[in-house]
Amino acid sequence: MPWPRTEDGAEAGMLRDEFGVVFDVDGLLVDSEPLQARAINGVLGRHGIHLGEEEFTELVGVQTRDNFVLLKARYGLPESVDELLEAKAAIYLELVGTDLKACEGAVELVRTLHRMGVPLAVASSSPRKDVHLSLEAVGLADCFYHVVTAEDAPRPKPAPDLYLEAVRRLGLSPEQCVAFEDSGAGVVAATSAGLTCYAVPHKYTRDHDFSKAAAVLGSLADVVPSDLLP
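Every letter in the sequence shown is one number past the one before it in our numbering, and letter 115, counting from 1, is 115.
Since the hints were derived computationally from the structure, they do not count as laboratory data.
Straight line, CA to CA, 20 Å or less: simulated EDC-like cross-link-like pairs of lysine to aspartate or glutamate: (1) K101 <-> D31; (2) K101 <-> D222; (3) K212 <-> D222; (4) K129 <-> D99; (5) K212 <-> D227; (6) K129 <-> E151; (7) K72 <-> E58; (8) K72 <-> E55.
Pairwise CB distance ranges, derived in the manner of DEER restraints: (9) L217 <-> G52: 26 to 36 Å; (10) G117 <-> D222: 15 to 25 Å; (11) E83 <-> E18: 44 to 54 Å; (12) A73 <-> G42: 18 to 28 Å; (13) E54 <-> K101: 22 to 32 Å; (14) D99 <-> V69: 24 to 34 Å; (15) E18 <-> E86: 35 to 45 Å; (16) E175 <-> A73: 37 to 47 Å; (17) D99 <-> H47: 22 to 32 Å; (18) R111 <-> E79: 32 to 42 Å; (19) A73 <-> R111: 39 to 49 Å; (20) R168 <-> E136: 20 to 30 Å.
Here the structure is a predicted model, which is why all the values come from computation and not from measurement.
C-beta: ideal position from N, C-alpha, C; glycine also.
Produce the entire structure from the sequences given, and follow the hints as far as they go.
Next up, the structure:
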C-alpha cells in the first residue's frame with residue numbers, strides 16, 4: 001500500500017497530532033561510520049595506534065566522549081579527553097566536507113515523511129556539531145523539528161534519555177512514535193523509552209543484538225511509510 005497522499009495535506013495534519021518518527025544519524029542516515037573510524041584513527045595514529053574494523057565495532061553506538069575515555073585509558077594517551085575530542089572533531093569536519101554520503105534510502109524516506117507533515121526528530125549520542133554537519137552535508141537538516149544530541153541528555157544510549165527527550169520535544173508519547181537505529185545500543189535505548197524501533201544494521205553492527213527490534217531491515221529503502229502508521 002503506497003503512502004497516502006493528498007494535495008491539501010489533510011493526512012499531514014492528522015499525522016502531526018498522532019505520529020512521529022525519531023532517527024539516529026551515524027550509520028543510519030549518513031554513512032559516517034567509516035569517516036568516524038578514520039577520524040579516530042587520525043588521532044590515535046599520532047601515537048602509533050591503529051584500530052582495525054573489529055576493534056572499531058565495539059565503539060559504534062557509544063557516545064563519542066565515552067569512546068575516548070575508553071581509548072585514553074586503554075592506550076595511556078597523554079591528552080585530556082577534551083583535547084582528544086577536539087582533535088577528532090577537526091579531522092571529521094574535513095572528511096565530512098568531501099567524503100560523506102547518505103545511506104541507501106535515507107534521503108528519500110526522510111523527505112517523504114517531511115513532505116507529508118510527519119514530525120521528525122533526531123536522537124544521537126554524537127556531539128551536536130558533528131550531527132548538524134552530517135545533516136547539512138546530505139541536505140536533510142531542514143527536515144527535522146528537533147535534533148537531540150549528546151549535550152541534551154544526562155545519559156547516552158543505551159539509556160533511554162535521548163529518546164525520551166526527543167519525544168518530549170515532539171509533544172507526543174513514546175507509543176505514538178517509531179524509531180530507526182543501526183546499533184544494538186540504539187535499539188535498547190529506543191525500546192526502553194517505549195518506542196517501537198526498527199533496526200538497519202551495517203557492517204560494523206551486523207553482529208549486534210537486535211532482538212528487541214520490531215524488524216531488522218536491509219536498508220531504509222525497505223521502509224514503506226504507510227506501514228509505520230498506527
